Amino acid sequence: MSIKLEDSPILSLTIESAAKSTTKGAPREGGCQTDPIKTADAPCDPMAMGETGTQTDFAAQKGDTEGDSVRLSEEVITRMLQALAEGDKSRKIYERLNTLHDTTRVHLTMMRSAPMQPPPTASIIDIVTGSGDRAVVLLGELVHETWCSHECGLRVINRRKISSILLPTCPTTAGFLERDLVAVGTVGGEIVIVSGDDILSTSKFFSSSVSSLFVPSPGRLVAVSIDGLMKICSLRGVELQEVKSIEVTVANLPRSIRSTRSESDVRIGIVSVSGNDRELCLVSETGGIWTAPLSTLALQSLPAQPQPLAAVLFRPPHLVLHGDDGRVHVCTASCERVDTLPSKAKKVILTPDGNLLIALSATAATPALAFYDVPKRKMIMEIETTISLLAIAAKGRDGILAVAEDAQIVEYDVTRV
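So the mapping is simple: this note's numbering equals the position in the sequence shown, first residue as 1, plus 182.
Derived CB-CB ranges, DEER-like:
id, residue 1, residue 2, range
1, P524, P557, 14 to 20 Å
2, T303, T597, 33 to 39 Å
3, T597, T431, 44 to 50 Å
No more than 27 Å apart at the CA atoms, straight line, and that leaves these computed lysine-lysine pairs for DSS-like:
id, residue 1, residue 2
4, K558, K271
5, K528, K558
6, K526, K558
7, K560, K528
8, K274, K560
9, K526, K560
10, K558, K274
11, K386, K426
Quick caveat, the hints were computed from the structure, so don't treat them as lab data. Remember, predicted model here, so these are calculated numbers, not experimental data. C-beta: ideal position from N, C-alpha, C; glycine also.
Let the sequences and hints guide you as you build the complete structure.
Shown next as C-alpha cells:
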C-alpha cells in the first residue's frame with residue numbers, strides 16, 4: 183500500500199506499507215447454502231454388529247441342565263451323601279436336647295394373698311382377669327326361679343385396690359373390653375359397663391340370662407344367652423351397640439342330637455362362647471357344637487355326642503370341652519376327641535398362649551390344680567393346694583389369680599420345668 187503527497191510543492195514522498203499480504207496464490211472461492219453440493223462415494227470398513235437373541239434362544243443354546251441330562255461325577259455324589267448323613271446325625275443330636283425344653287413338671291408358688299373387705303355375704307360365682315393387675319370378682323347366686331332378689335355385686339380389683347359395686351341382679355359372666363372397662367352380663371339379660379367403682383351404662387340385650395361373654399378385640403364383645411341368641415356388640419363411648427345378631431335353633435343341631443319330632447324353629451340355649459379375633463366356637467346346653475367366622479357368623483356344625491356341656495375353650499387348632507358332669511375333654515379343631523383328663527373339674531382355664539390347661543378339682547375333700555400340656559396331649563401333674571379354691575383365672579402366661587373359700591384373693595406363680 184502507498185500514499186503519495188503530490189500537492190506538496192517541495193517534494194514528493196512515497197511511504198510503503200510494512201504490512202504484507204499473507205495470501206498467496208489464487209483467491210479462494212466462496213459459496214452459500216444454495217450452491218449445489220458435490221457428493222462422492224468413499225470406501226470404509228463396516229462396524230461389527232453385536233449378537234442379539236431371545237431368552238428361549240439362549241436356553242436352547244445352553245441346553246437342558248435338569249433331570250437325566252445332568253451328569254455328576256462319583257466324587258460329587260459321594261460328598262453329597264456324606265453331607266446328608268452328617269445333617270441327619272446332627273438332627274438326631276439336637277432332638278435329644280428337645281427333652282430339656284419339655285414341660286415335665288410344674289412348680290406352684292403362692293406369691294401373695296389379700297382379704298376382700300368387707301367380707302362378701304353372697305356366694306362367689308367367678309373371677310375374671312384383665313391386663314396388668316386388674317380383675318373382677320362376681321358375687322351372687324347361680325340358681326334363680328322367677329326373679330332375682332339376692333344381694334349381689336362385684337369386687338373390682340385395680341392393682342392392690344379393691345372396690346365394691348352393687349348390681350340390681352346377679353352377675354353371670356364378665357369380660358374386659360379395655361384396660362379399665364368391664365362388661366358384666368346379668369341373669370336378667372342386661373350387660374353392664376363398669377369402670378372402677380362406677381356403673382357407666384346398662385343395656386338390655388336378652389330376655390333371658392347372659393350365659394357367656396367373649397372379647398375378640400378391644401371394644402368388641404360377643405354375647406350369648408340362654409334364649410338362643412348370639413350378638414356382636416361394639417363399644418360407642420360408654421355404651422354398647424348391637425352390630426350383628428343370629429339365633430340358634432333346633433334346625434342347627436346335628437342329626438345325632440336332634441329329635442325327628444322337634445320343631446326346627448325353636449331356639450336352644452347357648453351356654454358358652456370362645457375363640458379368637460377371626461373364629462368363634464359356641465356350645466349349647468344339649469351338646470351342640472358350632473364354629474362361625476367372626477365376620478359372617480355363618481354356623482358350621484361339628485360332630486357331637488348328646489351330652490350336656492358347661493363351657494368351651496377354643497384356641498385353634500385345639501378345642502377343650504367342659505361337660506356339665508365335670509369331665510374335661512381335649513379335642514382337635516374338628517371336634518375329634520383325643521384325650522380326657524383323669525379327674526373331674528369345676529373350672530377349667532387356658533393360659534393366653536393356649537399351651538397349658540389348668541383345671542380346678544371338683545373334689546372338695548382334696549383341693550388341687552391339674553396341669554395339662556395341650557400341644558403334647560399329656561397330663562403333666564396334679565398339685566394339691568393348701569387352701570380350698572372356689573374360682574381361678576389365668577394371670578398372664580405364668581400366673582393364676584384365685585378366690586379362696588375364706589374370701590381371700592390369692593396369686594400363684596406357675597413355673598414350667
